[in-house]
Amino acid sequence: MVFLGIVLGAVLGYASIRFKVEGNPLVEKVEATLPQTQCGQCGYAGCRPYAEAVAAGKAEPNQCVPGGDNVAKSLAELLGVEFKPVGGDQGSGPKPKQIAFIDESTCVGCTACIKACPVDCIIGASKLMHTVIANQCTGCELCVPACPVDCIAMLPVKENIANWKWHYPVIEIKKAA
Amino acid sequence: MRTFYKFHGGVHPPEHKEESNRLPIAPAPLAKRLTVPLRQHIGNPAIPVVKVGDQVLKGQMIGAADGFISAAVHAPTSGTVSAIEPHAVPHPSGLPDLCITIEADGEERWIERAPLDYRNADPDAVRLRLRDAGVVGLGGAVFPSYVKLNPGAPAGIKTLVLNGAECEPWITSDDRLMRERAAEVVEGIKIMAHLMCPKEVLIGIEDNKPEAAAAMRAACQGTGYEVVVVPTLYPSGGEKQLIKLLTGKEVPAGQRPVNIGVTCSNTGTACTVHRAVNHGEPVISRIVTVTGNVPEPRNFEALIGTPIAEIIQLAGGARPDTTHYILGGPMMGFGLNNLNAPLAKAVNCVIAASPALFPPPPPPMPCIRCGRCAQACPCELQPQELFWFSHSQNFDKARAYNLFDCIECGACSYVCPSHIPLVSYYRFAKSEIAMRDMEKKLAEQAKERFELKQQRIEREKQEKAARFAEKAAAAAKAAAAASGVEDPEAAAKKAAIQAAVERAKAKKAEAAAALLPLPLRERAGERGENLDAPSPSPPSRTHPHPNLPLEGEGTIALSPSRGELERGFEGEGVKNNTEAS
Numbered sequence: 001m002v003f004l005g006i007v008l009g010a011v012l013g014y015a016s017i018r019f020k021v022e023g024n025p026l027v028e029k030v031e032a033t034l035p036q037t038q039c040g041q042c043g044y045a046g047c048r049p050y051a052e053a054v055a056a057g058k059a060e061p062n063q064c065v066p067g068g069d070n071v072a073k074s075l076a077e078l079l080g081v082e083f084k085p086v087g088g089d090q091g092s093g094p095k096p097k098q099i100a101f102i103d104e105s106t107c108v109g110c111t112a113c114i115k116a117c118p119v120d121c122i123i124g125a126s127k128l129m130h131t132v133i134a135n136q137c138t139g140c141e142l143c144v145p146a147c148p149v150d151c152i153a154m155l156p157v158k159e160n161i162a163n164w165k166w167h168y169p170v171i172e173i174k175k176a177a
Numbered sequence: 001m002r003t004f005y006k007f008h009g010g011v012h013p014p015e016h017k018e019e020s021n022r023l024p025i026a027p028a029p030l031a032k033r034l035t036v037p038l039r040q041h042i043g044n045p046a047i048p049v050v051k052v053g054d055q056v057l058k059g060q061m062i063g064a065a066d067g068f069i070s071a072a073v074h075a076p077t078s079g080t081v082s083a084i085e086p087h088a089v090p091h092p093s094g095l096p097d098l099c100i101t102i103e104a105d106g107e108e109r110w111i112e113r114a115p116l117d118y119r120n121a122d123p124d125a126v127r128l129r130l131r132d133a134g135v136v137g138l139g140g141a142v143f144p145s146y147v148k149l150n151p152g153a154p155a156g157i158k159t160l161v162l163n164g165a166e167c168e169p170w171i172t173s174d175d176r177l178m179r180e181r182a183a184e185v186v187e188g189i190k191i192m193a194h195l196m197c198p199k200e201v202l203i204g205i206e207d208n209k210p211e212a213a214a215a216m217r218a219a220c221q222g223t224g225y226e227v228v229v230v231p232t233l234y235p236s237g238g239e240k241q242l243i244k245l246l247t248g249k250e251v252p253a254g255q256r257p258v259n260i261g262v263t264c265s266n267t268g269t270a271c272t273v274h275r276a277v278n279h280g281e282p283v284i285s286r287i288v289t290v291t292g293n294v295p296e297p298r299n300f301e302a303l304i305g306t307p308i309a310e311i312i313q314l315a316g317g318a319r320p321d322t323t324h325y326i327l328g329g330p331m332m333g334f335g336l337n338n339l340n341a342p343l344a345k346a347v348n349c350v351i352a353a354s355p356a357l358f359p360p361p362p363p364p365m366p367c368i369r370c371g372r373c374a375q376a377c378p379c380e381l382q383p384q385e386l387f388w389f390s391h392s393q394n395f396d397k398a399r400a401y402n403l404f405d406c407i408e409c410g411a412c413s414y415v416c417p418s419h420i421p422l423v424s425y426y427r428f429a430k431s432e433i434a435m436r437d438m439e440k441k442l443a444e445q446a447k448e449r450f451e452l453k454q455q456r457i458e459r460e461k462q463e464k465a466a467r468f469a470e471k472a473a474a475a476a477k478a479a480a481a482a483s484g485v486e487d488p489e490a491a492a493k494k495a496a497i498q499a500a501v502e503r504a505k506a507k508k509a510e511a512a513a514a515l516l517p518l519p520l521r522e523r524a525g526e527r528g529e530n531l532d533a534p535s536p537s538p539p540s541r542t543h544p545h546p547n548l549p550l551e552g553e554g555t556i557a558l559s560p561s562r563g564e565l566e567r568g569f570e571g572e573g574v575k576n577n578t579e580a581s
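First to last, the sequence lines map onto chains A and B. Under this note's numbering, the first sequence has 150 at position 150, and the numbering climbs by one with no breaks. Under this note's numbering, the second sequence has 255 at position 255, and the numbering climbs by one with no breaks.
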């Protein structure tokens, strides 16, 4: 029995060195769930810091505003805690996708929004007009307060044939005669 | 007699082919205004290459292929481009899409049409011809044919399958095409076979189309192509099902037929390949079945862009009790929301539906787990499980149960005793999963861009710090120079360097005098050249930073340093931000 104990102990000891997990895999999983808008609406400086806080139990899993209830639900599942809707009890679905739009006639070329954009998707140079790379914009709204002339608007992305999807089948309930 | 390899499941709904397959194909008259959608194929929509007001000729390219998976679109008649704007299109969403509208001048003036001698041409040239002629699969998926007709697989293509099964009820456009234009179809098959070099060519036709099979057999005389009549069972016209039927090979999940050395194309596509290569005519028309609740159901050859309402009128117009219209067949088709939508390359059939022909389905009842859908499924899936997962939006599970192998044939919905619209749930789940995958990809890109920006900011910070350190050192040196106290060590070093330079000069002059023959030296002297002088070199600045003044050159200590200026700007920027927010 002692011998068996020694052998198993050695196996366990070897396994703990051989299969050592580098870093915290939970942080990676949480981060993979987040929408990576880098908007800071959760109160952290980006998705990674928020993921670290959530994994460490310092932040609630329902603070991601762009992700909405879908992300809150997946995070709650991941952490094994009870799901709480984003923004209190009434909950909110994921925000409709928006992208920034620069009114090019008003833009003064101050580069303030370029510095504010966390994903470098505003192009332009000093004293020259700026514009948004629409398909890279995450809709984080960080450029809106940065603009000194208020020329940035968040426009909802309209449904078109390219982004259209089949709806959940809804069966109409008819009144019985 | 060939052996068939039965595929799993299948259903046999009422065929309703006799209504429309008795009369020959009739040409549709030219409409006054034709609206050509730029998205008529899978992949990127075509890019418009004409402007509003341009005169176009029949067959002129008006939209060019954009990227690899794309195809061109063409003017179906001669006339004037009157608009390039969103217009109703035949699509299940009912959303408008970018179209080019052409006001027909009625003259039908063609562009120059040149046949291509494909036997002696580079196969890539033939494929480019197909792309620029807008040839796409007319079986329903509208996949660009030039991409498909490329024997990319290392093992090559063993079997070329031509799909003439036309298994959907009501539709007869391929049936009539094969009966009337079998020779053209065979010419197209020859081009396809030339491009793909298959070992065998099989043409699959369901046994409810004996005339079409006979016509194709006659046309295939002497070519070695085999017409195979397969039993009528829906969905034998599905690509993977027909391949299984004819070759016994199964296309693995998530792969394409080319992975097992088979390519499958529609017979209608073969006909357009022939027109494009041997006649130089792009795809500007197609054969469309108009049937259902109309007085004279038949097939029409109509120009792409003809309003569907006008095509229905050709069949005598829909009867007054028509409730809606179906594009495609009743099993896989979708409702047409707007009759102004034009005919597109994918539209093979328009059915006017009345309550008598298509009684509204009884309300769906709960799933009773009878398993009949699993017996009917031609893909050997578990439709009931997929339904539960799609219904509860458990997408990971749905994917794990191979939702993406579903071909949306509708056999499960057809047999369901609870009348559950199963395919609607699968379509919903599929598009939701696809959308989430795309969002995930975008999120990954955003993360990458965010990290790159963070790295850049960090790098810039370090560079700035390095600059400040350099500048501070320079300023200290300048201050020392201004005070007139020269470092004695530096002065000694300078003198030593100067002496070394003098020595080197003298040595060089000696060597040159010894080497150079005398006449040359004299001539050089005549030209006024000084061979003894060292080669001229630009005055070198010894300061490591090119933009900063050298020692004693400027008044750096008096002007505000760049660092101070930048700090000032940054301070203002921060102030602005806080004010704005």
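Hints are computed from structural coordinates only; laboratory data are not their basis. Watch out, some of these pointers could steer you wrong.
Said to hold, decoys possible - No more than 20 Å apart at the CA atoms, straight line, and that leaves these computed lysine to any residue pairs for SDA-like:
| # | chain 1 | residue 1 | chain 2 | residue 2 |
| --- | --- | --- | --- | --- |
| 1 | A | K73 | B | I433 |
| 2 | A | K29 | A | R48 |
| 3 | A | K84 | A | A59 |
| 4 | B | K32 | B | G94 |
| 5 | A | K165 | B | L357 |
| 6 | B | K453 | A | W166 |
| 7 | A | K73 | B | E85 |
| 8 | B | K430 | B | N402 |
| 9 | B | K441 | A | A162 |
| 10 | A | K165 | B | K453 |
| 11 | B | K430 | A | H167 |
| 12 | B | K6 | B | K397 |
| 13 | B | K441 | A | I99 |
| 14 | B | K440 | A | P145 |
| 15 | B | K440 | A | K127 |
| 16 | B | K440 | A | Q136 |
| 17 | B | K32 | B | P86 |
| 18 | A | K127 | A | P145 |
| 19 | B | K32 | B | F4 |
| 20 | A | K97 | B | S78 |
| 21 | B | K494 | B | A481 |
| 22 | B | K430 | A | T111 |
| 23 | B | K6 | A | Q136 |
| 24 | A | K158 | B | A374 |
| 25 | A | K73 | B | A443 |
| 26 | B | K397 | A | R48 |
| 27 | B | K505 | A | K165 |
| 28 | B | K397 | B | A374 |
| 29 | A | K29 | B | P86 |
As the list claims (entries may be wrong) - Negatives, chain B to chain A, calculated, CB over 12 Å:
| # | residue |
| --- | --- |
| 30 | P45 |
| 31 | E107 |
| 32 | D124 |
| 33 | N150 |
| 34 | P198 |
| 35 | E226 |
| 36 | Q255 |
| 37 | E310 |
| 38 | P363 |
| 39 | E380 |
| 40 | N402 |
C-beta atoms are modelled at their ideal positions from N, C-alpha and C, and glycine is treated no differently.
Here is how each hint holds up against the structure:
1. At most 20 Å may separate the alpha-carbon atoms for a hinted pair to count; A/K73 and B/I433 meet this at roughly 17 Å.
2. Taking the CA atoms of A/K29 and A/R48, the gap is about 11 Å. The hint holds against a cut of 20 Å.
3. With a CA separation close to 13 Å, the supplied pair A/K84 and A/A59 stays within the 20 Å bound.
4. Of the supplied pair hints, the one linking B/K32 and B/G94 is violated, its CA atoms being roughly 23 Å apart against a limit of 20 Å.
5. With a CA separation close to 29 Å, the supplied pair A/K165 and B/L357 exceeds the 20 Å bound.
6. Our distance criterion of 20 Å between C-alpha atoms is broken by B/K453 and A/W166, whose separation comes to about 37 Å.
7. Using a Cα cut-off of 20 Å, the hinted pair A/K73 and B/E85 is violated, with the two alpha carbons roughly 41 Å apart.
8. For a cut-off of 20 Å, the pair hint linking B/K430 to B/N402 stands: about 11 Å separates their Cα positions.
9. With a C-alpha separation of about 16 Å, the suggested pair B/K441 and A/A162 falls inside the 20 Å cut-off, and the hint holds.
10. The straight-line distance between the Cα atoms of A/K165 and B/K453 is roughly 33 Å, outside the 20 Å bound, and the hint therefore fails.
11. The suggested pairing of B/K430 with A/H167 holds, with an alpha-carbon distance near 11 Å, which does not exceed 20 Å.
12. The hinted pair formed by B/K6 and B/K397 fails the criterion: a straight-line CA distance of about 29 Å is larger than 20 Å.
13. Proposed proximity of B/K441 and A/I99 is supported: the alpha carbons are some 17 Å apart, at most 20 Å.
14. Note on B/K440 and A/P145: the hinted pairing is violated, with a Cα-Cα distance of about 27 Å set against a maximum of 20 Å.
15. Restraint check: the Cα-Cα separation between B/K440 and A/K127 comes to about 35 Å, which exceeds 20 Å; the hinted pair is violated.
16. With a CA separation close to 13 Å, the supplied pair B/K440 and A/Q136 stays within the 20 Å bound.
17. The hinted pair formed by B/K32 and B/P86 meets the criterion: a straight-line CA distance of about 19 Å does not exceed 20 Å.
18. With a CA separation close to 19 Å, the supplied pair A/K127 and A/P145 stays within the 20 Å bound.
19. At roughly 49 Å between alpha-carbon atoms, B/K32 and B/F4 are farther apart than 20 Å, so this suggested pair is violated.
20. In summary, the hint linking A/K97 to B/S78 is not supported, as the alpha carbons are separated by about 42 Å, beyond the 20 Å threshold.
21. For the given pair, B/K494 sits about 15 Å from B/A481 by alpha-carbon distance, which is consistent with the 20 Å threshold.
22. Straight-line distance between C-alpha atoms of B/K430 and A/T111 comes to about 42 Å, which puts the hinted pair past the 20 Å bound.
23. Restraint check: the Cα-Cα separation between B/K6 and A/Q136 comes to about 48 Å, which exceeds 20 Å; the hinted pair is violated.
24. As the CA atoms of A/K158 and B/A374 are separated by approximately 38 Å, the hinted pair breaks the 20 Å bound.
25. For the hint linking A/K73 to B/A443, the alpha-carbon distance of about 18 Å falls within 20 Å, and the restraint holds.
26. A hinted pair counts as satisfied when its Cα atoms are at most 20 Å apart, and B/K397 with A/R48 does not qualify at roughly 28 Å.
27. With a CA separation close to 82 Å, the supplied pair B/K505 and A/K165 exceeds the 20 Å bound.
28. Between the alpha carbons of B/K397 and B/A374 the distance comes to roughly 17 Å, so the proposed pair stays at or under 20 Å and holds.
29. The straight-line distance between the Cα atoms of A/K29 and B/P86 is roughly 42 Å, outside the 20 Å bound, and the hint therefore fails.
30. At roughly 8 Å, the least C-beta separation between B/P45 and chain A is not larger than 12 Å, which violates its mark as non-interface.
31. With a least CB separation of 33 Å from chain A, B/E107 remains clear of the 12 Å interface cut-off, as annotated.
32. Non-interface status of B/D124 relative to chain A is upheld: no Cβ of that chain comes within 12 Å, the nearest being about 30 Å off.
33. Distance to chain A confirms B/N150 as a non-interface residue, since its nearest Cβ pair spans about 26 Å, more than 12 Å.
34. The claim that B/P198 lies off the interface holds: its Cβ sits roughly 35 Å from the closest Cβ of chain A, which is beyond the 12 Å cut-off.
35. Even its closest Cβ contact with chain A, about 39 Å, leaves B/E226 beyond 12 Å, as expected for a residue assigned away from the interface.
36. Listed as outside the interface, B/Q255 is consistent with that label: its C-beta sits roughly 24 Å from the nearest C-beta of chain A, beyond the 12 Å cut-off.
37. A cut-off of 12 Å between C-beta atoms confirms that B/E310 is not in contact with chain A; the least separation is 23 Å.
38. Remark: the non-interface label on B/P363 conflicts with the geometry, its nearest Cβ contact in chain A lying 7 Å away (cut-off 12 Å).
39. Residue-level check passed: B/E380 sits 24 Å from the nearest beta carbon of chain A, beyond 12 Å.
40. Against the 12 Å criterion, B/N402 stays outside the reach of chain A, whose nearest CB is about 18 Å from its own CB.
In summary, the structure is inconsistent with hints 4, 5, 6, 7, 10, 12, 14, 15, 19, 20, 22, 23, 24, 26, 27, 29, 30 and 38 from the numbered list given earlier, while agreeing with the others.
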